[in-house]
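Novice: Listed here are the chains, written in short residue letters.
Protein chains: 2
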Amino acid sequence: MTAELHTLMTDLGRRARAATRILALAPTEAKDRALREAAAAIRSDAGAIAGANARDMKAGEAKGLSAAMLDRLLLTPARIEAMARGLEEIAALADPVGRILAQWTRPNGMAISRVVVPLGVIGIIYESRPNVTADAAGLCLKSGNAAILRGGSESFHSSLAIMAALTRGLAAAGLPADAIQMVPTTSREAVGAMLRLSDFIDVIVPRGGKSLVERVVAESRIPLFQHLEGICHTYVDGAADLDMARQVVLNAKMRRTGICGATETLLVDGACAATHLKPLVEDLLDAGCEVRGDEATRAVDSRVKAATEADWSTEYLDSIIAVKLVDGVAAAVEHVNTHGSNHTEAIITEDAVAAETFLNGCDSAIVLWNASTQFADGGEFGMGAEIGISTGKLHARGPVGVEQLCTFKYVVRGSGQVRPG
Amino acid sequence: MTAELHTLMTDLGRRARAATRILALAPTEAKDRALREAAAAIRSDAGAIAGANARDMKAGEAKGLSAAMLDRLLLTPARIEAMARGLEEIAALADPVGRILAQWTRPNGMAISRVVVPLGVIGIIYESRPNVTADAAGLCLKSGNAAILRGGSESFHSSLAIMAALTRGLAAAGLPADAIQMVPTTSREAVGAMLRLSDFIDVIVPRGGKSLVERVVAESRIPLFQHLEGICHTYVDGAADLDMARQVVLNAKMRRTGICGATETLLVDGACAATHLKPLVEDLLDAGCEVRGDEATRAVDSRVKAATEADWSTEYLDSIIAVKLVDGVAAAVEHVNTHGSNHTEAIITEDAVAAETFLNGCDSAIVLWNASTQFADGGEFGMGAEIGISTGKLHARGPVGVEQLCTFKYVVRGSGQVRPG
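Protein chains in written order, with the numbering used here: chain V, 1 to 421; chain H, 422 to 842.
Among the hints, erroneous ones may be present.
Unchecked claim - Facing chain V, from chain H, some residues (calculated, C-beta under 7 Å):
#	residue
1	Arg-527
2	Met-531
3	Pro-605
4	Thr-778
5	Val-788
6	Trp-790
7	Gly-819
8	Thr-828
9	Tyr-831
10	Ser-836
Hints in this document: simulated from the structure, not taken from any laboratory.
It should be emphasised that the depicted structure is a prediction, and the values quoted were computed from it without experimental measurement.
Think of the CB as a built atom: it goes at the ideal place given N, C-alpha and C, for glycine as much as any other residue.
Turn these sequences into a full structure, and let the hints guide you.
Specialist: So this is what it looks like as structure tokens:
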């Protein structure tokens, strides 16, 4: 790392930290006004944002980016409007800061309360999806945190144009411009430098594919809210209603195959295999899903391919599913805890005892009874916009919204108490 | 690291992870029974524990350990009894596992609850204080976590003897022996190996002095609940009652100087310096405290030494205090946030507005109004025994008790819901 880059990044961190002093105390109205003014600025700047995006797209095409990457990079008028609306939706959320989580009085008369406060400075490292610039910054601002954004280099000009609108929103509300900063260089070394700013950044949120997250996990000296992978399971219990199981399994796998809550492995109880296995598998095959099964599953339809050991631990993010017979709910829990990624698992059953065994036994962020794993989403949970889903267990588990971007402090009010002894 | 050590440590981790499957679901009665039986075993093994400790003490003396280290290592009959009573007190705490933190129903009928579950496997790395073996293991067990303990090598035999009692407690309650494990070697490399067991350990708690914590922070690939330092401030505001200020300041500094909640810097508002500064400083001097002050402070008593810039950022853990005049509450907050360690700060004032400015403005885990900073302690907060105090902001902030050793999961109960769109 060059001395110049070190100075640049340290300065960014120092300015973010200074901004937190004001942000932490900023009234809800000021934060919401900044979000709404930024939304208005995005709308009025739509032409400039589209122009900057066209420049990124042209460079991306010349660089030979894949069609999927170009699609993520593209900002259509509808996507620009969605960014603006997203900021307005964040403005409409309840302010998490200042909420009293608990309060009690000690025998000596001291009144103690546990009060929500912002974390401080959040660093977001993401791929070339320019909309993340607005979404992530909006969530950080609402929760009273300063944001340092580092997007993929291919979206640099798009992000700069969005940043200009965000900065105008801050100014209109009288909030410091340093509340939202963007790393002003596309140098790859800047990510490494950012991951060592532990004096200035309280938590890093990597948003992107597995390789980006793995790099951040390996290099970071700062705590992370990370999403590694979603190897999600649906277990159809012996006491499952067949019609419900068919609908839920098909939705859990096929509604969208590329999201982290998509089911990757179907476990079927041996007790209902004779009646349930064939229709479940044929629904999937008929919908265009590749099925990789164990011996029993292969026996129900010749289109089923043989699963290998690796299939039980694979996140396909595609129209592929692994299917296995298990011997009851305890075996299903054992399979999930051995092969899963502690993300999201569902049981389909009419048996409340089996359901509780599964819900309690699976060591996962989200466990569902008679519902699709595709509900693993902060919006679907009614938590509002999310900056991501955490597969870690500390602090934030599952959807990471404005509440999870906060911490707390203990406020003690006394009348001159001293500690005896 | 030798292959042998790697195998040993991985095996320890694997067995701890396997034990979590049972511990997470263990009924409160089983955990409490194990704790009470372990307490009984410590009492009936008191002779054997004292014998093992005598062996450690003899080796420690031969090795030339300092008097302070030998005192920490020593297990008197009273200290052995305190360990047993500590386990009984943990048994009497409410079980944090299974508590519902929040629940709500979605428009589609899905009922969502956020339920407390154990973190999984906790690693504790501590110095040669054998009582930590019982205290830390007890807190992990109560919160449904498996524990991997690594104490200082000088206390190895004492810890082994305590472990034997803990293991008997587990057996009496029908809980797996692997719920509490001790690293079975005094090799220094074992700590490094433990800090890389990120597949098997969910969080590491380093307990000890700054050099131990700094080593763990530098090497760990596992999230930490760490305590770095407590540079705690007491600010005497212009509107402080002088008698109250004198009592609280003296207690905050001198009750015990070696604990993390001891005040290290006294800030006095220029507005009351003429009346308050001299009595506050003389109380401290008369109690045997060395006072290092700015120019104004040196003017009130010839015994005051000159403070250097380093004094504003020093955790003395001794009968020394730094004293400075500041220009009102905003300047006090600025000083605290610049020089402090985000631990514990107090304001003494009769002015509610100044108090709120201080309580809101200080970015610290604990902020007190008209009370001594020496209350920074889980027991004093009524939270029961603590495994330590965290100066981090994520997950656990302030006292780390059984609640902070847990995480949560989302449990969703539906009736066949699929996600539209």
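Novice: Does each hint fit the structure? Answer for all of them.
Specialist: Each hint, compared with the structure:
no.: 1; hint: Arg-527; result: 6 Å, holds
no.: 2; hint: Met-531; result: 6 Å, holds
no.: 3; hint: Pro-605; result: 26 Å, violated
no.: 4; hint: Thr-778; result: 9 Å, violated
no.: 5; hint: Val-788; result: 6 Å, holds
no.: 6; hint: Trp-790; result: 5 Å, holds
no.: 7; hint: Gly-819; result: 5 Å, holds
no.: 8; hint: Thr-828; result: 5 Å, holds
no.: 9; hint: Tyr-831; result: 5 Å, holds
no.: 10; hint: Ser-836; result: 6 Å, holds
Taken one by one, the earlier hints fail for this structure at numbers 3, 4, listed in ascending order.
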